[in-house]
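All chains, full assembly: derive it from the sequences and hints.
Protein chains: 2
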Amino acid sequence: MDRMKPNISMAVIRRLPKYYRYLNELMEKGITRISSKEFGRILGFTASQIRQDLNCFGGFGQQGYGYNVRELRDEIANILGINKTKNAIIVGAGNLGQAIANYSGFRGSGFVLKAMFDINPRLVGISIRDIKIMDIDDMGEFIKNSGVNAGIICTPKEGAQSVADRLTGEGIKAIWNFAPTDLEVPEDVIVENVHLSESLMVLAYMMNERDRMENTQ
Amino acid sequence: MDRMKPNISMAVIRRLPKYYRYLNELMEKGITRISSKEFGRILGFTASQIRQDLNCFGGFGQQGYGYNVRELRDEIANILGINKTKNAIIVGAGNLGQAIANYSGFRGSGFVLKAMFDINPRLVGISIRDIKIMDIDDMGEFIKNSGVNAGIICTPKEGAQSVADRLTGEGIKAIWNFAPTDLEVPEDVIVENVHLSESLMVLAYMMNERDRMENTQ
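So the sequences go chain by chain: A and B. Throughout the first sequence, residue numbering follows the numbering used here, covering 1 to 217 in sequence. Throughout the second sequence, residue numbering follows the numbering used here, covering 1 to 217 in sequence.
I should point out that these hints are in silico values taken from the structure, not numbers from a laboratory. Honestly, I wouldn't trust all of these hints.
Since the list gives no way to pick out one identical chain from another, each pair is judged satisfied if it fits inside one copy or across any two copies.
[What the hints assert, rightly or not] Straight-line distance between alpha carbons at most 25 Å, and here's what the computed PhoX-like set of lysine-lysine pairs gives:
1. Lys37 - Lys173
2. Lys157 - Lys173
3. Lys173 - Lys114
4. Lys132 - Lys18
5. Lys132 - Lys173
6. Lys18 - Lys37
7. Lys144 - Lys84
8. Lys29 - Lys157
9. Lys144 - Lys132
10. Lys84 - Lys173
Here it is in structure tokens:
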């Protein structure tokens, strides 16, 4: 059975991981079912928002019963595809790349980190959490031989586009990009950006806005 | 003059850093003015989207002339408040905290990193980029004496809430949170989250969705 409807908005998709995280926490607490009202309360959404979101995927709740926590959790995992194994490599093994290599959240999304690559000969050969840092010139062969599905770009802004070109040139169709730039990639390549500077500027805005409000009161 | 209108949506605010980044790139290329159409093209937005967004703040363009790149850049910087200095500390000096300490984007948003804190005695005393890692028990006094405006939480999920409680208890009103959890804070405290696992799950979803599309073709 295919529960998916086409054209689900990215806004809904971006809320699914939060649903998933909270459902896991409910399971850890031994809670087996939850109403959309109560689920909304802990998530900070309205009950109707939750029903609307989950209806995009066919709807799982039962009138008067609420949601079965484990069933809904498993369905969302299935929709997100996080139960499917995907091999990833990190390109750029500096501080950020090493921090990401140490990041413990890969497995929870079905990603397995296979290798890291860098141009810096002082980094090549070092291992981070059993993940070897290799020379970027060996990347093409590694991708061919190891079934890599995704590349994680942790280079500075300047090197990011050429790394993206190399990755897509080797057939990689999914990129998790930490470099503070928008990559140009072929149409069939997926890019998910983590733009830290944009997040920090939004924090700056909110702090500034609050100061402004306080000063005009 | 106060150009701000109340109730600007967060969706608009979250686009401003991107405008700002592209305006800087235009300046670097020596481009002094740009039409909303051309600006839209390089940003991937429509011209009307851009005019609408910038109208929220009073509108800067002139019919038939377009936008003055430097003027618009400076206005957005002003709106974001990134030209105002804000002191920040990192709590949690493990891999992620150290990577964030090495992050070079603070100054661009007006943040100055003042210190790092951890509970691990093996980390206390070490310096990362001239930023000293201190014992978390000295945090309260440091905040009092150093005019700290923002806390950056880089702890595991488990410790994050108690760190948030300590920060807000010391009067910190802004948190940049990297821990994979939603913090409960007093109403007047701003929290900006960077949830890496949610971003990674969205990437997983898009990869899964593409596979699904290809398999049904």
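How would you label the pair lysine 84, lysine 173 (within, between, both, or neither) given a Cα cut-off of 25 Å?
-> Within one copy only: 16 Å inside, 40 Å across.
If the cutoff is 25 Å on CA atoms, where do lysine 37 and lysine 173 land: within, between, both or neither? Let me know, please.
-> neither (39 Å within a copy, 30 Å between copies)
With identical chains treated as interchangeable, where does the CA-CA distance between lysine 144 and lysine 84 reach 25 Å or less: within a copy, between copies, both, or neither?
-> within (20 Å within a copy, 49 Å between copies)
Have a look at lysine 144 and lysine 132 and pick one of within, between, both or neither, based on CA distance no larger than 25 Å.
-> within (17 Å within a copy, 43 Å between copies)
Between copies, within a copy, both or neither: which fits lysine 173 and lysine 114 at Cα up to 25 Å?
-> Within one copy, since 16 Å is at most 25 Å while 40 Å is not.
Lysine 18 and lysine 37: within-copy, between-copy, both or neither at 25 Å Cα = within (16 Å within a copy, 36 Å between copies)
Intra- versus inter-subunit Cα pairing at 25 Å for lysine 132 with lysine 173 = within (23 Å within a copy, 41 Å between copies)
Could you figure out if lysine 29 and lysine 157 sit no more than 25 Å apart (CA to CA) within one copy, between two copies, both or neither?
-> Close across copies (16 Å), not inside one copy (43 Å); limit 25 Å.
How would you label the pair lysine 157, lysine 173 (within, between, both, or neither) given a Cα cut-off of 25 Å?
-> within (20 Å within a copy, 31 Å between copies)
25 Å Cα threshold - placement of lysine 18 relative to lysine 132 = neither (32 Å within a copy, 34 Å between copies)
Hint compliance for this structure: hints 1 and 4 are broken, all remaining hints hold.
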